[in-house]
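Take the two lone chains, each set in its own frame, and fit them into one complex as the hints suggest.
Each chain, written out:
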Amino acid sequence: MKRFPSPGTWSSVLAACLWLSAAAAAWADEPAPTSTADHSKFEELAGPFATGPDVTRACLQCHTEAARQVHKSIHWTWNLDQPQTGQRLGKRWVVNNYCLSLTANYARCTSCHVGYGWKDASFDFTVEENVDCLACHDTTGTYVKFPTGAGHPPYEDTPFQGKVIKAPDLAKVAQGVGKTSRASCGACHFKGGGGEAVKHGDMDSSLTAPPKSVDVHMAPEGLNYSCSTCHEFKAHDQAGSRYLMKAKSETGVSLPGQESNRPACESCHGLTPHQAGIGDKLNSHVDKVACQTCHIPEFARGGRATKTYWDWSTAGRLDAQGKPVVEKQGDLVVYDGMKGTFEWGENLAPEYFWFDGSVRYTLLGETIDPGDETELNRISGGYDDPKARIWPFKVMRGRQPYDKGNDILVVGHLFGKDDAAYWKTFDWGKAVKAGMEEAKRVGQTTADYSGEYGFADTLMYWPITHMVAPKDQALGCADCHSKDGRLATLTGFYMPGRDANPWIDRIGWLLVLATLAGVLLHGLVRLVTRKRQA
Amino acid sequence: MSQVKLFTGFERFWHWTQTALIFGMLFTGFEIHGTYQVLGFERAYETHQILAWTLIGLWVLAIFWHLTTGEWRQYVPTTKGLVPMVLYYAYGIFSGEAKPYTTTRSAKHNPLQRLAYLGFKVLIAPALWISGLLLLFYTSWKGTALGGVLPLELVAWLHVAAAFGMLIFIIGHVYMAATTGDPWYAYLKAMVTGYEELEEKKASSRAA
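Order-wise, the sequence lines are chains A and B.
Going by my numbering, the first sequence runs without a break in its numbering and finishes at 537.
Going by my numbering, the second sequence runs without a break in its numbering and finishes at 215.
These are calculated hints, taken from the structure and not from any lab test.
All of these numbers come straight from a predicted model, not from anything done at the bench.
Keep in mind that the hints are not guaranteed to be accurate.
To be verified - Calculated pairs, PhoX-like style, for lysine-lysine (alpha carbon to alpha carbon, straight line, at most 25 Å):
#1 LYS149/B / LYS291/A
#2 LYS215/A / LYS433/A
#3 LYS149/B / LYS284/A
Stated by the list, open to error - A partial selection of chain A residues facing chain B, derived with a Cβ cut-off under 8 Å:
#4 HIS484
#5 ILE507
#6 VAL515
#7 VAL528
For glycine and all other residues, C-beta sits at the position ideal for the given N, C-alpha and C.
Chain B with its partners taken away, still in its complex shape (with noise of 0.2 Å):
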């Protein structure tokens, strides 16, 4: 058994920040949206814009941790070993095989994750952004060329849209890592601690 430091201070301090930022969006933001009414559209409102330029700014010390260190490398998606993955969620988890891929240092996520990953990274979270920011700033853009090709609906749907990508993959997200890990609890207290048992206690748990 070996304890592996698989998160720096700076990640767990981000993903966690994080973590609390999106809730409080999602929260907030579909009470904007309509969707309840808890703390009234104007708190809605407000809180909702406080957070958002609070994870603009966590996102930027993020990308810069990224590109800096090179743990960007990260997620880097491959094709290899994906289906072995795939496959196992679908059918090896319940029969008690062994994960097919090996967690290290420098490799920290399988592919599927580095899939998923990415795909907020790149997909859902730019749209949330883009389209946030555009809803703010509406009165500056829409007498510009781009207000005359961009009607406001557009944007709004795209936003809430995003939002729904974004519900779906935490759905996701927590169930796979914070469930699926041996024992089922593994891969959450890695993110709280920092600290991973890799390899040796799996082979035994699994000889066992």
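So here's chain A without its partners, still in its complex pose (with noise of 0.2 Å):
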């Protein structure tokens, strides 16, 4: 029996391996086609189409449970009831320190809501051909929302603040559907607070093709993961949320048929993510500091500034015109009369806080301390909590109005075409007043506003778990481990570097000093009196 092949048997191996090396690179300069189906191809989508909803009847002939299964998610409802706490959240019912609210500004917030035509409080969220298959699902990047058309596309070419948006071939866009993309998601995601990074700080355009430094998952070169990687969605409903985290995963990696943890870390990274050295001590870390902690030394590293500070109080300077002032710093406005003071920020340092992943909204209607500064949302957790673990977060800070008669927050009607949009005839009075109306007439609130406005301090914690860094620039020990280090403000534990007991420090030294003040004085005494017998 030969029991090796004879060398003509490996030269054609070999040459058939060569050919098969190069029939694969030519295959691979032409993408395979991942979906099964051509959407191109198909009679339903040949258009044209007048409107976003005519769309939607076209997708729902062959997706028959699709819209139902929107309808479900909380990218349709903006509604989340948070089991911890029992409170009512979501988009519809909290208040922040962007843009306040929802409520009395629809047409321009639900310019994100993957629906079409929600431009008042009479939306039925039961209607299928409302909703937006392609916000999500458009490849082609030419698919917009226009910014006050409560979530219609421009169906002609529209100004926009000195800028036309082209009305997209609804056509082609249908034709081109695929699957959700970092562009897709970003969209709305990466302009959340009214444009491109305001709000979260960890998430901005940046991300649509990231460098591997600013996110090391996402990157083209590298993992190219999308959002929905992570995030993964069943029935149209995704997995994580902001209004229900789960700040510290026990399940660690999770496997094909097991119940996914994702967008958990661990899902992937498991449980003791880090190599052994000498010692275990990373490893040992992971049960009271979130990965994202040091693996996000910065966040807004993308080039784009995040806000930081946002003060209503000085909205409303108008010029000669009539029309609001607006002053920028370099590229980023610092002032607008529409909306008040700003400050910004790049590359920033999060502030850290236990976190159990529960958070609680200052919703309409509770009674808040105008005096001190507010937390629209309140963390919970702290160092004895086994759920919790240290976070960093984009703190964001400002100013806004609220009912001074009742001490409670309050809604503004900012947008609009009537008398009483901030927007248009910039009396806070007036604003205030229509919002609150509206705010209790949807059931945001049962108080009455009591006529009277005034402006408070306000803060909200935004965690931060996005912007992933290469591992080579995570957070170094001494980045904590130290007296002025990164958690200098998180006490009540006992953290080596940083905390120490004075009084064994200074009677330590001081019986060092005095030993060696003894040690010294008795040598001398000896070198005199040895001198002296000598």
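Following this line, the structure appears as structure tokens:
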């Protein structure tokens, strides 16, 4: 029996391999279609389509369950009943210190709703063709929702703030649909708070095609993840929400067939993600320190500044023509007569707090102390809480209107064509009154507006979890284990390098010095007496 | 004059290796404690750990050696002759009195030394070891009953306090052992070469 093939056999195997790899390289030039359906071949999508809902009706002919699935998702409902606190959260109900609230500003805010036509509280959430399939599934990059169009795209080229927004060719967009992408999710999520990078700090358009240094997972040169790689969707409902976070994963790697733990880092990296060196100290941090804390050393790293402060109380300055004054520092607007005073920051070190994943919002109707900085959302957790870990946050600070008579937060009617809209007449009295009337009408509050407004300082905690840096950029030990380190203000527990019992140090050094002085003196006396004897 | 071999090769190896390790541990330890920044916390911490495990290994050897050779008896404390020894360092050393203790191979430490070294061996060193290992393996025991009664900071305080004890011991030890011989470097030399010149020479020099 021959144990090895002859030289002739080897060379033919080699030739076959070379041919195969050449062929594979040739195929690789044309990306293999990942979908089994080419939507451009579907008669239903030939168009032309007059409106977004027309496209949706076409989609639903095949994807019969899609709209009903979307109807159940937070992208559609903007509502989340938080089981830990019992609070009714979601964009429909919360107040923030950016544009305050959805209420009484629908058509502007709902330009990022995954639907068409939410222009007032009467929007019918049960209509299937009102679901906007294209917002998420466009792959052409030409689909846009008009900023004030209540979720509709512009159906003809329309000017907005000095620029013309081109009407997308709906048939072309429909024929090109595919999976969601960083760009399609980012069309809304990178612009939260009303513009590029404004809201989150760890999400902006740099993530559309980030270098590895900005996001090690999403970089096209690397793993090239899309948002949904981690935020897995099941029946159009995504995993992971800021309202209901898992601050500490207990289950580790999620294998196929198991309940997925994504988007937790541990779902891929496991519960002992570091290589043990001398000792295993890095891994013994993971029970108290979130991965993000060390691995996102700074946020707003993509070359885009995020808003860090927003003072509504200074809004309303108009120029001689009656137009709102706009002041810039470089490219950044630092004052806008419509909105007030802003501060921005890039490459910011987060602030750190214990966090167990539960967030309680200060909702409309809850009493606040206007003399103090009001936390619009309160994160819970502490050193002794086994579910909590140290997490990084962007803390957004601001000054916003409140009801001076009742000491409660208010919503403002900012956007609209009517006389009460702040951006029309710049009258807070009218804007707050209209906003609060609407809030009461939709059930966001039961309180009546006292008629008197003031401005109160507020802050908001935004967990930082995107823009994970390559591991060589992670924080080092001394970033926290030092006297003025990043955790300097997170007190109540002992941390080497930062904490010490001052009395042990004082007494210790005193005794060391006394001993040193003692032996020196002893030696000196010996020297002197020896000389005397000699 | 007679040269007596006082310290075996192992003892000298043990002593000087331990010296290097303890100096290294003090240096890195106080950096971890936040007293200064030289190596950086991470390198100081890693070095501290390597030195710790090396020292533990050395001590295992030394304990084995002491037990098998019976040399542990050198550290059995005694009150006999303790007071004259204290008086000697407090007074007699200045007036040129002879040391009230005769070093022999079988009893190479004077009563004061015995006490000091015993204190080092049963108080300072174990306090550092035990607290150090507890700090190192904190995550393994904090969830247990021990974690319920022993707060981390108490362990850390003990570790730091014992480190101060070590530093103080070293200052005293270096002064006494390196400068109070006759000639002044006699003990230091003995710990290097192993040999000390005993009795006759001392007697003759006293007479001179």
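A quick look at each hint next to the structure:
1. LYS149/B / LYS291/A: With Cα atoms ~12 Å apart, LYS149/B and LYS291/A stay inside 25 Å; holds.
2. LYS215/A / LYS433/A: violated (49 Å)
3. LYS149/B / LYS284/A: Holds, at about 14 Å.
4. HIS484: holds (5 Å)
5. ILE507: holds (5 Å)
6. VAL515: OK, holds: VAL515/A within 8 Å of chain B, min 5 Å.
7. VAL528: holds (6 Å)
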